[in-house]
Amino acid sequence: MLRIACPWCGARDETEFGYGGEAHVALPADAAQLSDAAWAEYLFMRSNPKGRHRERWVHTHGCRRWFNVVRDTTTERIFAVYLAGSPPAQLPDEPA
Amino acid sequence: MSQPKRTDAGGRIDRLRVLRFQFDGRRYQGYCGDTLASALLANDVHLTARSFKYHRPRGILALGAEEPNALVQLEQGAYTEPNVRATQIELYDGLIAHSQNRWPALGFDLGALNDTFSPLLPAGFYYKTFMWPASMWLRYEKAIRRMAGLGRAPCLPDPDRYDRMHAHCDVLVVGAGPAGLSAALSAARSGARVILADEQTEAGGQLLWERYDIDGHPAMAWVASVMAELAAAPEVRILARTLVSGYYDHNFVVACQRFDSPRSSAHAPRQRLWKIRAREVVLATGAVERALVFPDNDRPGIMLAGAVRGYLNRFGVTAGSRVVIATVGDDGYRTALDLASAGVAIAAVLDLRVRAAGFLPQQARARGIEVLTGQRIVATGGRMRVSAVRVQPFAGGTIREIACDLVAMSGGWIPTVHLFSQARGRLRFDARAGAFVPGEAMQPVRCAGSVQAAWLLHEALAQGFAAGGAAAQACGLEPARALELPQVSEPEATAADVALAHRGERASRRKQFVDFQADVTLADVGLAAREGYDAIEHLKRYTTAGMGVDQGKMGNANVVALLADARGEAAGTIGMSTFRPPYQPVSFSAIAGMDAGELFDPVRRTPMHEWHRRHGAVFEDAGQWKRACYYPRAGETLHASVQRECLAVRRGVGMLDASTLGKIDIQGPDAAEFLERIYCNPVRSLAPGRCRYGLMLKQDGMVFDDGVIARLAETHFLLTTTTGGAARVAAWLEEWLQTEWPMLKTYCTPVTEQYAQVAVSGPHSVELLAPLCSVDIRAMPFMSVRTGYVAGIGARIFRLSFAGGLGYEIAVPADRGYELWTTLMGAGERFDIAPYGTEAMHVLRAEKGFIIVGQETDGTVSPIDLGLDRLVRSDKFFIGQRSLARPDARRADRRQLVGLLTENPHEVLAEGTQLVAAPCTLARVAAEPVPMLGYVTSSYFSPSCGRSIALALVEAGVARIGQTLHAPLATRCVKVTLTAPRFVGDSDEVLHG
Ligand SMILES: [Zn+2]
Numbered sequence: 001m002l003r004i005a006c007p008w009c010g011a012r013d014e015t016e017f018g019y020g021g022e023a024h025v026a027l028p029a030d031a032a033q034l035s036d037a038a039w040a041e042y043l044f045m046r047s048n049p050k051g052r053h054r055e056r057w058v059h060t061h062g063c064r065r066w067f068n069v070v071r072d073t074t075t076e077r078i079f080a081v082y083l084a085g086s087p088p089a090q091l092p093d094e095p096a
Numbered sequence: 001m002s003q004p005k006r007t008d009a010g011g012r013i014d015r016l017r018v019l020r021f022q023f024d025g026r027r028y029q030g031y032c033g034d035t036l037a038s039a040l041l042a043n044d045v046h047l048t049a050r051s052f053k054y055h056r057p058r059g060i061l062a063l064g065a066e067e068p069n070a071l072v073q074l075e076q077g078a079y080t081e082p083n084v085r086a087t088q089i090e091l092y093d094g095l096i097a098h099s100q101n102r103w104p105a106l107g108f109d110l111g112a113l114n115d116t117f118s119p120l121l122p123a124g125f126y127y128k129t130f131m132w133p134a135s136m137w138l139r140y141e142k143a144i145r146r147m148a149g150l151g152r153a154p155c156l157p158d159p160d161r162y163d164r165m166h167a168h169c170d171v172l173v174v175g176a177g178p179a180g181l182s183a184a185l186s187a188a189r190s191g192a193r194v195i196l197a198d199e200q201t202e203a204g205g206q207l208l209w210e211r212y213d214i215d216g217h218p219a220m221a222w223v224a225s226v227m228a229e230l231a232a233a234p235e236v237r238i239l240a241r242t243l244v245s246g247y248y249d250h251n252f253v254v255a256c257q258r259f260d261s262p263r264s265s266a267h268a269p270r271q272r273l274w275k276i277r278a279r280e281v282v283l284a285t286g287a288v289e290r291a292l293v294f295p296d297n298d299r300p301g302i303m304l305a306g307a308v309r310g311y312l313n314r315f316g317v318t319a320g321s322r323v324v325i326a327t328v329g330d331d332g333y334r335t336a337l338d339l340a341s342a343g344v345a346i347a348a349v350l351d352l353r354v355r356a357a358g359f360l361p362q363q364a365r366a367r368g369i370e371v372l373t374g375q376r377i378v379a380t381g382g383r384m385r386v387s388a389v390r391v392q393p394f395a396g397g398t399i400r401e402i403a404c405d406l407v408a409m410s411g412g413w414i415p416t417v418h419l420f421s422q423a424r425g426r427l428r429f430d431a432r433a434g435a436f437v438p439g440e441a442m443q444p445v446r447c448a449g450s451v452q453a454a455w456l457l458h459e460a461l462a463q464g465f466a467a468g469g470a471a472a473q474a475c476g477l478e479p480a481r482a483l484e485l486p487q488v489s490e491p492e493a494t495a496a497d498v499a500l501a502h503r504g505e506r507a508s509r510r511k512q513f514v515d516f517q518a519d520v521t522l523a524d525v526g527l528a529a530r531e532g533y534d535a536i537e538h539l540k541r542y543t544t545a546g547m548g549v550d551q552g553k554m555g556n557a558n559v560v561a562l563l564a565d566a567r568g569e570a571a572g573t574i575g576m577s578t579f580r581p582p583y584q585p586v587s588f589s590a591i592a593g594m595d596a597g598e599l600f601d602p603v604r605r606t607p608m609h610e611w612h613r614r615h616g617a618v619f620e621d622a623g624q625w626k627r628a629c630y631y632p633r634a635g636e637t638l639h640a641s642v643q644r645e646c647l648a649v650r651r652g653v654g655m656l657d658a659s660t661l662g663k664i665d666i667q668g669p670d671a672a673e674f675l676e677r678i679y680c681n682p683v684r685s686l687a688p689g690r691c692r693y694g695l696m697l698k699q700d701g702m703v704f705d706d707g708v709i710a711r712l713a714e715t716h717f718l719l720t721t722t723t724g725g726a727a728r729v730a731a732w733l734e735e736w737l738q739t740e741w742p743m744l745k746t747y748c749t750p751v752t753e754q755y756a757q758v759a760v761s762g763p764h765s766v767e768l769l770a771p772l773c774s775v776d777i778r779a780m781p782f783m784s785v786r787t788g789y790v791a792g793i794g795a796r797i798f799r800l801s802f803a804g805g806l807g808y809e810i811a812v813p814a815d816r817g818y819e820l821w822t823t824l825m826g827a828g829e830r831f832d833i834a835p836y837g838t839e840a841m842h843v844l845r846a847e848k849g850f851i852i853v854g855q856e857t858d859g860t861v862s863p864i865d866l867g868l869d870r871l872v873r874s875d876k877f878f879i880g881q882r883s884l885a886r887p888d889a890r891r892a893d894r895r896q897l898v899g900l901l902t903e904n905p906h907e908v909l910a911e912g913t914q915l916v917a918a919p920c921t922l923a924r925v926a927a928e929p930v931p932m933l934g935y936v937t938s939s940y941f942s943p944s945c946g947r948s949i950a951l952a953l954v955e956a957g958v959a960r961i962g963q964t965l966h967a968p969l970a971t972r973c974v975k976v977t978l979t980a981p982r983f984v985g986d987s988d989e990v991l992h993g
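Protein chains in written order, with the numbering used here: chain X, 1 to 96; chain H, 1 to 993.
Looking at chain X on its own, in the form it has when it is part of the complex (with noise of 0.2 Å):
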């Protein structure tokens, strides 16, 4: 079971989190003139790598606060905990 820090609370147990996959995939302003298939690309593809990923959580029984976290899909490793809105956290592994 994960410890995660609410960005709000601090750290708790996964099981008072909910999990909102990639984070990122922002609603396109333009859904009405995006073709079939660009908007069935939005609505089901996501990135879903072994590594590094960037991802939505909510503090469901908590503060209820959705923020966004870098976990390691492998290790389960969490690198880092920023708020639902800010610009993608950089990738540990990523050159900067």
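Please note that a few of the clues may not be correct.
[To be verified] Lysine to aspartate or glutamate pairs mimicking EDC-like chemistry, simulated, CA-CA at most 16 Å apart:
(1) LYS745(H) to GLU714(H)
(2) LYS626(H) to GLU598(H)
(3) LYS50(X) to GLU76(X)
(4) LYS50(X) to ASP93(X)
(5) LYS275(H) to ASP249(H)
(6) LYS876(H) to ASP30(X)
(7) LYS275(H) to ASP13(X)
(8) LYS876(H) to GLU673(H)
(9) LYS275(H) to GLU14(X)
[Stated by the list, open to error] Which chain X residues stay away from chain H? Per the calculated CB distances, all over 10 Å, these:
(10) GLY10
(11) GLU16
(12) PHE17
(13) MET45
(14) SER47
(15) ASN48
(16) ARG52
(17) GLU55
(18) GLY62
(19) VAL70
(20) TYR82
(21) PRO88
(22) GLN90
(23) LEU91
(24) PRO92
(25) ASP93
To be clear, the hints were calculated from the coordinates, so they are not data collected in a lab.
The beta-carbon is built from N, C-alpha and C at its ideal position, and this holds for glycine as well.
Given chain X, work out where chain H with the ligand should sit, using these hints.
Relative to chain X, chain H with the ligand alone:
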């Protein structure tokens, strides 16, 4: 009642406290401090089990958790627990245990025919023989499961209490042997918060039975002094009888603590599950001894050498009176010397190595013990108990038979790396030790002692001190000062040759067991390798090696070594199968803890619940809510009650407790804009004081939830949701507000529990309510809301009805709900008011064709499919809009909501009944499948229509209205006509039927 195999003195048992127990109906005695295994051995009982597959007689092999044979059924009736290792059961007075997997008796077991016919039962036999044809497997499986069995699960509710604790610490030390104790001590002296968990009743690990001196005194004196210091330290928690079974992510560790033996008071828990979050972990989990592979190496009386020594030194039990010892290293000599000191005859020590030099072999020879080097066991005799072994030099030569009643074998040691591996740590093959040891760690964890193949006591102590100190430092603590390693006197060790352990006799036709619990032999491993199952994970599944309840704690090492041989590769190159939690089975009761029975799930009751109960309501579960389903009068059936309640609503007045409806309060300058995006209906145009039915879609355009949007003021809305959807919808709104539209100034507050709500429905509802209301409810238009007083209680009055027809819903603060309900019931008496439940509500809404989300929808149904496209605005953005614009959303052959009328008006189809084009029965369909065109979503007998009505989702259903379809049942078929999904009109006139 003597204990013939008990020594006169010695051992960590209390000879003044005699405990009585029963095994397989026979009465025995043991001492306080015994395990069931040691007490049985004290009574010269070796035969304790039948093996899993061949039903071979088996005895106690080991000393602890690694025991593969002696699994027993502990206790009886509701207290019974299957598959418990006799080596881990702390003896208590009155204990009752039974052997397992034998019929009719342990001494005479018909299942042993499997052994006789075993050439017919090679590895993979079940797969090869029974998996085809599949239908036959179903028949064989039962018989096979009965034969290849373990214990029986209890069939009565568990009467004991189980407990759970969450704990946090700086350093968790697993294992209280020499390495664990020194780790705990150095961490504690650094000021760390320490938890020390050990599965035994007392600390010491191998020091409980090995004869070492520490600082010039017997080792247990050192253990006592360390434990005294730890017990006095305020930040140290010592958990005895606590087995760590799971090591999960982020140093989350689960352990199970036993209190059941000896059975404690009725109020105390039997077991406690510990959920520990540790900043740092030190694993001092030790090692288990490796068995030797030789023909018929599983007879009762053939034991691990370390176990024999352990039973002698810890429990004062001599497991035999004439002993043959077979060893690949020093350990056999240790056992020989200790037994000889206790007066037990040593028939011979077989050293499989060619040379046996060094201190301990010399000691053995000096005591007059015969040492045979370069020899091994080629056969054993004795069915229920070993009676002799035949030995032969590896080089060949004469076979000599040696009579004995105990064989103590030692094939070296296997580090207990399970927890390290569970923690995703990599394993590394240590060629010197001939075993897998912890490699790179993936979590903050350190290992110390024999888990790292540090076999010598002074090494274990040093590693423990270092690991405990480093763990404390990693927590930001200063290393402890004045920490001196204790001085140990240890004889010089010789190197064990563990490669000799698994050799076996290739030519022998006798069984040579590798995994005792799963009954896997040397020949099985060879066969699997020859048939191409030569990757470790394949071999495991093909032979079932390592798949017993012990997960191959003892057997895996030899299996892996044999497989490497079969592939002609060096030991350690083919890897090890992955260890997964739990290290040892944990009972469901311990996992459930207090979350059982009434505490399993919270129960939510409405403020009016007590009234419903007193008036005979039958309740149904709606999520966690208890809802009144119907209110039968004396002698009334469900059907009669529901018909009466429905007619009361259609002809007079009825009252429903609608408090469970989800309610969400939305406020803020952007509330209207926000809801405009959430609902597919228009919201901004809704005037204050008005209500609208609203549909929420998911992004894929499918219906997610529905309810009423009430605009209380320009910037204030109240939404209702389905009873089950309240939390889901609130979370959905928050998600959009926080992650996509944080710029919208809106607050969402779930208020479901804050309001009690009553639906007053039927033609007399207005006459009933008007005199009680502070506002003129006759003037309220359909779908409107007013704030005022009802019977003196501040209320929101809604003019709307889910039952159709005239109706109002009154919402008051929850603590006034009971008062409102009883007042209205009293005032309604002269209208012959009837309370109605959810079942009548379902019938009433179905008559009007109103959907229930989750009944008419299943996540694949769009508003278009439901015929609700008139609600959907195409000129605005809302969630789901883009998906509804796909051509597929308007495909003519999508399943669409229709009404169904059965040919026979009294036929009420079961919900879920499937619909097809031509008449047929389910039996026919099973033989010749036909396309399913749709299925029944709701089905009732409608008293207003005087006949059955149903709703269904049918392919191209709207175009088929007026046509007939068929509903195949088991032996007959029901003809149905498709209609519009509405059976009772606006002025309650019957539309169909
Ligand atoms: Zn929080």
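List of violated hint numbers, smallest to largest: none
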